[in-house]
Amino acid sequence: MTTLDYIPAAVEPRENYLNISYRLKSWLLTVDHKRIGILYLISITAFFIVGGAFATLVRLELATPAGDLMTAETYNKVFSMHGIIMVFFFLIPSIPATLGNFLVPLMVGARDLAFPRINLLSWYLFMIGGTLGIVAALSGGVDTGWTFYTPYSTAFSNTNVVLTGLGAFVAGFSSILTGLNFVVTIHKMRCPGLTWMRMPLFLWSMYSASLIMLLGTPVVAIAIVLLAAERLFGLGIFDPTRGGDPILWQHLFWFYSHPAVYIMILPAFAVINELITCFSRKRIFGYKWVAFSSLAIAVISFFVWGHHMFVTGQSVYGGMIFSFLSFFVAVPSAIKVLNWTATLYRGSVSFDTPMLYVFFFLGLFVIGGLTGLFLASLGFDVHVHDTYFIVAHFHYVMVGGVLMAYLGGIHFWWPKMTGKMYPEWIAKFAAFTIFVGFNLTFFPQFFLGQLGMPRRYHSYPEEYQVLNVMSSAGATILAAGYALPLFYLVWSLRYGRAAGPNPWGATGLEWLTPSPPPTENFEQTPVVTKEAYHYSDKELQVVGA
Amino acid sequence: MSAHNPAHGAAHNLPADLNPSPATSQVAFDPSLAPPGAAALHEAHGHSMVAHQFDDLAQQHEASTLGMWAFLATEVMFFGGALTAYAVYRATYPEAFAAASRLENWFVGALNTGVLLCSSLTMALAVHAAQMGSRKWIVNWLLITVVFGTAFLGVKAYEYNHLIHEHLFPRADTFDAPRHDHETGVTKPPHFPPELRRPAQLFYSLYFGMTGLHALHMVIGIGVILVVAWQAWRGRFSPEYHNPVEMTGLYWHFVDIVWIFLYPLLYLIDRT
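Chains as they are written, first to last, in this note's numbering: chain F, 1 to 545; chain X, 1001 to 1272.
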């Protein structure tokens, strides 16, 4: 950014969404999408810390071959709570509920989401669900894994299955309401001139993710209702001794939970679109391809759930079809990655912190995605099923993909959200620390899985120790890397440089309003006259970095 | 719904060519093109019914309609999960499911279906009254809808009571036990031969599960209708603005349609 003109921001006290009131009530009863985004940001950060604490326990236990830190039962609870908290209370709400809530109305040029009070309700539902999850963890935990497989979860486990399930159920409705709000807002609230083909691709991806939230989440909701009813009243629907079929649970669960992976990754794609164009100073390569590949992912993702069930005894033809469709869903993802790479070509690429995260995302997501293709192959999947290969694969997608994009997005829009710049050098240092720590943690796990180490065991044979120690050491570095942004971002709230309206010289309606924006977002309703990402033909200025 | 309409509000006021020269910036803050600010618009129209995030009543109406349909789509998927379970077990245990559904009282079910269809009619009439601006008839039709809805739940309670009395509630301890009638002193054997007992119990699990969820939706619907009726009585609605009546109507019709699927699936298939 140093090559661009530097225009100091005129610093004047101005009313914005943050300083309009400091009372607690003004936050807890707010219907402002920006404040609700901040509420979510704080809440999911707390859940991330809790989920991270459980991950720390897992890595500590696995540092030595013997199961010496905790009993097998405790270990089962620890990895289950890690998965449940990270998936339901961090990853799924992460980008949509924070950045999405904050940015969707700004990007469509509206004053708020279509249903602001429902938006607030969704935060309360999320907090109720999260509280139930935490209460379940504190009052004995749950040991079924985040997948709650029957009949173990219905007939055998003596842990808090119903309470945890209720937490996921309630949080699911929060997700449904967020998706509903985004769909309606993007359809009906676009400002004059903002046609579908002029929308930032952030909105296309968020829209696609919202469709999955709307149509997938209710299926896991009814599945959890049946599971709870089975435990409480003994319905027998998943109980083989009473004619029920435990595999039905897996079908219903994965019908949501595989598309849920795309609820997580599509918003990550959304962030990457905005960042990669801004820091390459280029129009996106193949706008329509990127836009429609998001929708294609949303649609195809509903038809691949059987690849989680290759070893359940489903018919081999069913397996072949699910295998084919799982390869097929990789095509639109590949289109995106290729188009992002082509966007870089001959761009004026700069390496600010958000862009570092984009590069990390691209590399790690490609590894996560390609190993996904391995797992879509029937034969190889049988070999590595329930091993650390799976664990490594989905951590490359969930952490290497989603979390990298999330952190990149948080850094990119932090000036807009808070009006303050974060300190650049330490942010870069943190980004590299996270990248190194992440790879050291999870790359060895591909080897562990290929060598046959099963997941979810608290002890293992000694020949796996070197790789496990590497993984645990990497987790230490990773934890340190995650801790850094917590400190310097909070620090920047008070000591950071004031950011002007557009510190990155980016296109997009959100950069036309002051930082932080006023409650009504725009003083006048904006009128869009051009397509998104017109970096090449605009004299973009850095306004007050 | 104008899903392909590029934009709402002042879009129709814009000149056809929005981009006179490529050198101009993406966004023009030209007051002559843009609609007035939210507050001014709010006053100009004099509608306290337009929420601050919307430009006008039309946009608000479109948004709430799409929102309700989107919500109903999630409801379809919610019941869809239960219907999938039903379909799987019906296909696995056709004999037991047929035997079990024969114990349902199809006539009471048909009666209840009729009651529910009548409630849909009165709901439609309430929406019509709202369009006509008749405060009195909105309230009347809504309350009649509530009466029909309550009647349905009453009949449902009677059916549940009967089934529980007949030891058809899917609890292992009662379902398998002989039925002892205290008045006549006669003890009858369980309904099903041992080989059909477990799958028949599954049928009743699904029966109580699905009709229970449906009844829960009815209870919520009745609550919402009462609130809307109260608002109507307070004179909150007009021919221009009656979104809550219309959206409640959509929801109520949806709950009816769920029953239209449940009734044949649970009472009628394979009766003969």
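These are computed hints drawn from the structure, not numbers from a lab. Just so you know, even glycine gets a beta-carbon here, dropped at the ideal spot from N, CA and C. Just so you know, not all the hints are guaranteed correct.
Reference excerpt, derived from the structure (chain F facing chain X, CB under 10 Å, subset only) [unchecked claim]:
| id | residue |
| --- | --- |
| 1 | Ser43 |
| 2 | Ala46 |
| 3 | Ala53 |
| 4 | Leu57 |
| 5 | Leu60 |
| 6 | Ala110 |
| 7 | Thr185 |
| 8 | Arg242 |
| 9 | Asp245 |
| 10 | Tyr256 |
| 11 | Leu362 |
So, going through the hints one by one against the coordinates:
Checking F/Ser43 against chain X by beta carbon gives a least distance of about 23 Å; that is not within 10 Å, so the hint is violated. Given hint, F/Ala46 at the interface with chain X, is violated; its Cβ is 28 Å from that chain's nearest Cβ, farther than 10 Å. With a cut of 10 Å, the hint placing F/Ala53 at the interface with chain X is violated, because the nearest CB-to-CB distance is about 33 Å. A cut of 10 Å between beta carbons decides the hint on F/Leu57: the least distance to chain X is about 34 Å, and the hint is violated.
Annotation: F/Leu60 was flagged as interfacial toward chain X, and the flag is violated, the nearest CB pair being 39 Å apart, outside 10 Å. Interface hint at F/Ala110: satisfied, since its Cβ lies 6 Å from the closest Cβ of chain X, which is below the 10 Å cut-off. Nearest Cβ of chain X to the Cβ of F/Thr185: about 8 Å, under the 10 Å cut. The hint holds. With its C-beta approaching chain X no nearer than about 5 Å, F/Arg242 sits inside the 10 Å limit, and its interface hint holds.
A hinted interface residue such as F/Asp245 counts as satisfied when its beta carbon comes closer than 10 Å to some beta carbon of chain X; here the least separation is about 7 Å, so the hint holds. Because the closest C-beta pair between F/Tyr256 and chain X is about 9 Å apart, less than 10 Å, the hint holds. Among the interface hints, the one on F/Leu362 is violated; its C-beta lies about 27 Å from the nearest C-beta in chain X, farther than the 10 Å criterion.
Figure legend: structure checked against the earlier numbered hints; hints not met, in rising order: 1, 2, 3, 4, 5, 11.
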